[in-house]
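*Asks:* Using the hints, position chain B against chain A.
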Amino acid sequence: MSLIFPYFGGEIRPFIPVTFEYKNKFVAITALVDSGSDVNMLLPVFADRLKIPYKRFTGSAKLIGGIGSGHKCVPWGLKCIIEGMNDEGKTEKCEIPMEVHIPIQKSSGFNLLGTQDFFEKFSVKIIHPQKTIILDKL
Amino acid sequence: MANGCGSLNLDQYMGKWIAVLNGEIVASSDKADKVFEKVDRDYPNTHPIFHRVTDIDELWAI
Numbered sequence: 001m002s003l004i005f006p007y008f009g010g011e012i013r014p015f016i017p018v019t020f021e022y023k024n025k026f027v028a029i030t031a032l033v034d035s036g037s038d039v040n041m042l043l044p045v046f047a048d049r050l051k052i053p054y055k056r057f058t059g060s061a062k063l064i065g066g067i068g069s070g071h072k073c074v075p076w077g078l079k080c081i082i083e084g085m086n087d088e089g090k091t092e093k094c095e096i097p098m099e100v101h102i103p104i105q106k107s108s109g110f111n112l113l114g115t116q117d118f119f120e121k122f123s124v125k126i127i128h129p130q131k132t133i134i135l136d137k138l
Numbered sequence: 139m140a141n142g143c144g145s146l147n148l149d150q151y152m153g154k155w156i157a158v159l160n161g162e163i164v165a166s167s168d169k170a171d172k173v174f175e176k177v178d179r180d181y182p183n184t185h186p187i188f189h190r191v192t193d194i195d196e197l198w199a200i
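Residue numbers (the numbering used here), protein chains in the order written: chain A, 1 to 138; chain B, 139 to 200.
Chain A on its own, in the form it takes in the complex:
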């Protein structure tokens, strides 16, 4: 069953709404569907809102490259809920475990849905002229 999303708000980029859950706390955000990103990125403002203790992470932060010098990020496992309209016009929900990377320092970029856990689990079709994204769970 396909989930069909217009670009959020009629944006110029393919943003879709997703909800993350951590310990029964929820935050609904938009994330950029980005096949060029190896990982999923959650901005620290949202990690703070979910009260994720990423600043106390004892492992080693990973340097995630991008524009500029990149960001040191902490990986964290969350539940990701993707809810959209299916091709019969009914609301449908997918829940998947997802590793997100949280920049340790403030970041002004976007939340990203990348290849790990997102493109691995969905067939993704972006029809840019129609500002539409179609997801099929694999």
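Just so you know, the hints here were simulated from the structure itself, not pulled from any lab data.
Glycine residues also receive a C-beta, built at the ideal position from the N, C-alpha and C atoms.
The reader is advised that the hints may include incorrect statements.
Computed cross-link-like contacts, DSSO-like style, restricted to lysine-lysine with a CA-CA straight-line distance of at most 30 Å [stated by the list, open to error]:
(1) A:72 <-> B:172
(2) A:93 <-> A:121
(3) A:79 <-> B:169
Quick list of simulated restraints, FRET-style, between CB atoms [stated by the list, open to error]:
(4) A:51 <-> B:169: 18 to 24 Å
(5) B:171 <-> A:1: 34 to 40 Å
(6) B:153 <-> A:125: 25 to 31 Å
(7) B:176 <-> A:38: 33 to 39 Å
(8) A:62 <-> B:160: 34 to 40 Å
(9) A:109 <-> B:164: 22 to 28 Å
(10) A:125 <-> B:145: 16 to 22 Å
(11) B:171 <-> A:125: 32 to 38 Å
(12) A:59 <-> B:145: 41 to 47 Å
(13) A:72 <-> B:160: 34 to 40 Å
(14) B:153 <-> A:70: 35 to 41 Å
(15) A:53 <-> B:147: 37 to 43 Å
(16) A:136 <-> B:153: 29 to 35 Å
(17) A:10 <-> B:171: 24 to 30 Å
*Replies:* Chain B in isolation, oriented as in the chain A frame:
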């Protein structure tokens, strides 16, 4: 949970953070924290969608 919002008039919100609840923009600010404050105060126990509106003068090659 987050529902898709296909069309909003975002022109006046370029570069700002917004909160969208049931297809309506209920808070906006240059700072995400200010948007959270307004949502927590005026719309408790809801899950609006938080979004930073693209500034079309700010192009990215990610």
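*Asks:* Compare the structure with each hint and give your call.
*Replies:* Against the structure, the hints:
Annotation: proposed proximity of residue 72 (chain A) to residue 172 (chain B) holds, straight-line Cα distance about 26 Å (limit 30 Å). At most 30 Å may separate the alpha-carbon atoms for a hinted pair to count; residue 93 (chain A) and residue 121 (chain A) meet this at roughly 14 Å. For the suggested pair residue 79 (chain A) and residue 169 (chain B), the alpha carbons sit about 26 Å apart, so the restraint of at most 30 Å is met. Checked against the hint of 18 to 24 Å, the pair residue 51 (chain A) and residue 169 (chain B) passes, with Cβ atoms roughly 19 Å apart.
At roughly 38 Å, the beta-carbon separation of residue 171 (chain B) and residue 1 (chain A) lies within the given 34 to 40 Å, and the hint holds. Checked against the given bound of 25 to 31 Å, the beta carbons of residue 153 (chain B) and residue 125 (chain A), roughly 29 Å apart, stay inside it. Judged by the Cβ atoms, the range 33 to 39 Å given for residue 176 (chain B) and residue 38 (chain A) holds: they are separated by roughly 35 Å. Between residue 62 (chain A) and residue 160 (chain B) the Cβ separation comes to about 38 Å, which falls inside the hinted range of 34 to 40 Å.
Between residue 109 (chain A) and residue 164 (chain B), the C-beta spacing of about 24 Å keeps the proposed range 22 to 28 Å intact. Between residue 125 (chain A) and residue 145 (chain B), the C-beta spacing of about 20 Å keeps the proposed range 16 to 22 Å intact. The hint said 32 to 38 Å for the Cβ distance between residue 171 (chain B) and residue 125 (chain A), and at roughly 36 Å that hint holds. About 42 Å separates the C-beta atoms of residue 59 (chain A) and residue 145 (chain B), a value consistent with the hinted range of 41 to 47 Å.
Between residue 72 (chain A) and residue 160 (chain B) the Cβ separation comes to about 37 Å, which falls inside the hinted range of 34 to 40 Å. Remark: the range hint 35 to 41 Å for residue 153 (chain B) to residue 70 (chain A) is contradicted by a beta-carbon distance near 23 Å. About 38 Å separates the C-beta atoms of residue 53 (chain A) and residue 147 (chain B), a value consistent with the hinted range of 37 to 43 Å. For residue 136 (chain A) and residue 153 (chain B), the Cβ-Cβ distance of about 33 Å falls inside the hinted range of 29 to 35 Å, so the restraint holds.
Checked against the given bound of 24 to 30 Å, the beta carbons of residue 10 (chain A) and residue 171 (chain B), roughly 26 Å apart, stay inside it.
When held up to the earlier numbered hints, the structure conflicts with hint 14 and nothing else.
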